[in-house]
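Listed here are the chains, written in short residue letters.
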Amino acid sequence: MKQTEIVFLFVVCAAAVALCLHGWLVVGQGPIVILPPALIALALVVLSAVRVFRTLKITESTAEGALQLAYWQALRGSFLGLLWCLSAAPLLLLLGYPIGLAVFAAVYTRVNGAGAFAAVLTGGLAFAVVWVVAGKLLAVPLVLLPGWLS
Amino acid sequence: MLEALGGGIALFFDPTVLLLVALAVPIGLVMGVLPGLSGLSALALLLPFVYGLQPMSGLAFLLAAHAVVSTGGSLTAIVLGIPGAPANAATVIDGAPLREQGRHGEAIGAALAASGLGGIIGVVALVALLPLLLPVVKLFGAPETFTLALLGVICIAIIGREDPLRGLIAAALGMFLATFGWQRITGEPRFWLDFDYLLDGMRLVPIVLGLFAVPEVIGLSVEAARRNGEGRRESSRAEVSHGLLAPFRRPALALRSSLIGVLVGIVPGVGGETAPFLAYAAAKKRAAARAATGGGDNEVFGRGAIAGIVAPECSNNAKEGGALLTTLALGLPGSAGMAVLLGGFLILGLEPGPDFLDAHMDIAIGLAITLAIANLLAVIVMIACAPLMLRVLAVPAHFLSPAIMVLVVIGAYAVANEPYDVLAVFLFGLLGWFMRAYGYSRPALLLGFILAPLIETYLHISLRSHGFSFVLQPGVLAIVAFLLAGLFWSRLWALLRRWSSRSGA
Numbered sequence: 031m032k033q034t035e036i037v038f039l040f041v042v043c044a045a046a047v048a049l050c051l052h053g054w055l056v057v058g059q060g061p062i063v064i065l066p067p068a069l070i071a072l073a074l075v076v077l078s079a080v081r082v083f084r085t086l087k088i089t090e091s092t093a094e095g096a097l098q099l100a101y102w103q104a105l106r107g108s109f110l111g112l113l114w115c116l117s118a119a120p121l122l123l124l125l126g127y128p129i130g131l132a133v134f135a136a137v138y139t140r141v142n143g144a145g146a147f148a149a150v151l152t153g154g155l156a157f158a159v160v161w162v163v164a165g166k167l168l169a170v171p172l173v174l175l176p177g178w179l180s
Numbered sequence: 047m048l049e050a051l052g053g054g055i056a057l058f059f060d061p062t063v064l065l066l067v068a069l070a071v072p073i074g075l076v077m078g079v080l081p082g083l084s085g086l087s088a089l090a091l092l093l094p095f096v097y098g099l100q101p102m103s104g105l106a107f108l109l110a111a112h113a114v115v116s117t118g119g120s121l122t123a124i125v126l127g128i129p130g131a132p133a134n135a136a137t138v139i140d141g142a143p144l145r146e147q148g149r150h151g152e153a154i155g156a157a158l159a160a161s162g163l164g165g166i167i168g169v170v171a172l173v174a175l176l177p178l179l180l181p182v183v184k185l186f187g188a189p190e191t192f193t194l195a196l197l198g199v200i201c202i203a204i205i206g207r208e209d210p211l212r213g214l215i216a217a218a219l220g221m222f223l224a225t226f227g228w229q230r231i232t233g234e235p236r237f238w239l240d241f242d243y244l245l246d247g248m249r250l251v252p253i254v255l256g257l258f259a260v261p262e263v264i265g266l267s268v269e270a271a272r273r274n275g276e277g278r279r280e281s282s283r284a285e286v287s288h289g290l291l292a293p294f295r296r297p298a299l300a301l302r303s304s305l306i307g308v309l310v311g312i313v314p315g316v317g318g319e320t321a322p323f324l325a326y327a328a329a330k331k332r333a334a335a336r337a338a339t340g341g342g343d344n345e346v347f348g349r350g351a352i353a354g355i356v357a358p359e360c361s362n363n364a365k366e367g368g369a370l371l372t373t374l375a376l377g378l379p380g381s382a383g384m385a386v387l388l389g390g391f392l393i394l395g396l397e398p399g400p401d402f403l404d405a406h407m408d409i410a411i412g413l414a415i416t417l418a419i420a421n422l423l424a425v426i427v428m429i430a431c432a433p434l435m436l437r438v439l440a441v442p443a444h445f446l447s448p449a450i451m452v453l454v455v456i457g458a459y460a461v462a463n464e465p466y467d468v469l470a471v472f473l474f475g476l477l478g479w480f481m482r483a484y485g486y487s488r489p490a491l492l493l494g495f496i497l498a499p500l501i502e503t504y505l506h507i508s509l510r511s512h513g514f515s516f517v518l519q520p521g522v523l524a525i526v527a528f529l530l531a532g533l534f535w536s537r538l539w540a541l542l543r544r545w546s547s548r549s550g551a
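Chains as they are written, first to last, in the working numbering: chain X, 31 to 180; chain G, 47 to 551.
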């Protein structure tokens, strides 16, 4: 249950940061437009980081909690770890892949002669399968890395 | 002021307003009677239907429904021993023993009269304090409004939650969601990702319905399943009539409890559940003190004391008057329900904040009258229809929940005939369910969403006119000091008491 909250916070932060970066670098919006949401996104990242740290600290007594805390401290101490937290990677993993592949599967089957219902069904199936796989991928840094670190 | 009073009375006695109030009161009462649904759900469900109405009509409709929810909830608290609304939790303490003793009719009467009386005292306090706040809010410029709105969101996110951090995260998320769509200052669209729906930004109604109605409907099913098989008890009119006199036999208790309610309501962000418990605790303490001196009416709190019904019921209706005061005067909602009501302000084209009172004092007075009349009407409706209201509880949740969900979907779609709004309701419903499960404050998210455009605009104006030195304006410093004192008053009070006890020794 605690991991769900951590993943939620990662996704929210990553989405906020990704949107701000998109607005600034891709759309080329000026500081007056992008700075207020960027400051809010920064506040979100900082508050979420403190929340995650506290959550892991509470579960430190359990074996899993201790490993996760070790992982978090390692993440906090490395530049790459920080980049992972701030990047849109969790969002892309969680939403981008399933939606993109589902749309691709639906369009592909429709173009190749399948009916609309069959195409939607294929897209839905692709979404469900990739959602599960993406969920596992997202859990990699939270579940496997502590093992490696220990 | 007299002109505003006349204007307010004229606004209230408009036939449309009267009709809408008469319609809203039974809806609010039914919402209160059903455990699992609260005043927030009532407001969320009714919010889409105020589009196109005159501001006074729409706000009166929402306020009347919200204000009477706890009156309806008292019935469930006494008859079933389950709080119909969160604000009725304290009523259960003495309501359940009174039911066991077969005095539930008297308890219902006492609860109804106390609710009505508390509501009226709350309105009197509101009308008395509004003119005092008017000269203060007239001094507010852009820096003061910005500071008040920003710190108000932070205070509301922090106060009243077990984990302030989760409240702050929710508020920040709400503020971020508000940045989608056209920016007010430059007119440039933000985060629309070539998706036309996002050009106008996130719409308020799907957010409110998703955050507050969808999780509550699910909660209703769960609660209904839990109370499955519980019987209900009938009560005679004579017993109810006897109970109706209870608060008038204890005028000091009713007044004191109502004032506690008003004060708690004024403090932004303190949950509606706090006031009844504070009033109950104060009444219990006073009864114990009187019993020690040989006075009092020998009622034992927690074992079926009518005073234990009067105190919480007076305070939970009176708190709406206090909560409405800060909502109208400062744009800072005193309770979660008032945060949704602020959304109603936006939908009806009114901007919440210090300017509101200056420009629309007549609407403020009209809303105060609405609050008083709705409370009285609720008592009359409940006395007449209490057995009928109890029958609502017998409707199986598997009929009720889908019916309410259909209302949610229709409400979301009807606002702009936009199918994506329906999708948004379910996405925000998911978010709302998650927030409820993990203890994230949903009102904080909503308030952040509502006040973020105001904060951004006034920050821009403040920076343009004063530069960064606007933070040193006397008004800004005073607001910061006031809100910090409010935030840490309990610690300050403890320090002062320790200091005074040391100096006394």
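The reader is advised that the hints may include incorrect statements.
Which chain X residues face chain G? A few, computed with CB under 7 Å, are given here [unchecked claim]:
(1) L49
(2) L51
(3) V76
(4) R81
Coverage of chain X stretches by chain G, computed from C-beta distances (three or more under 8 Å per stretch; other residues unrestricted) [said to hold, decoys possible]:
(5) 54 to 63
(6) 66 to 72
(7) 141 to 151
In case anyone wonders, no lab produced these hints; they're calculated from the structure.
Ideal placement from N, C-alpha and C gives every residue a C-beta, glycine not left out.
Hint by hint, here is what the structure shows:
no.	hint	in the structure
1	L49	holds (5 Å)
2	L51	violated (11 Å)
3	V76	violated (9 Å)
4	R81	holds (5 Å)
5	54 to 63	holds (count 4)
6	66 to 72	holds (count 4)
7	141 to 151	violated (count 0)
The structure is inconsistent with the numbered hints 2, 3 and 7, although it conforms to all the rest.
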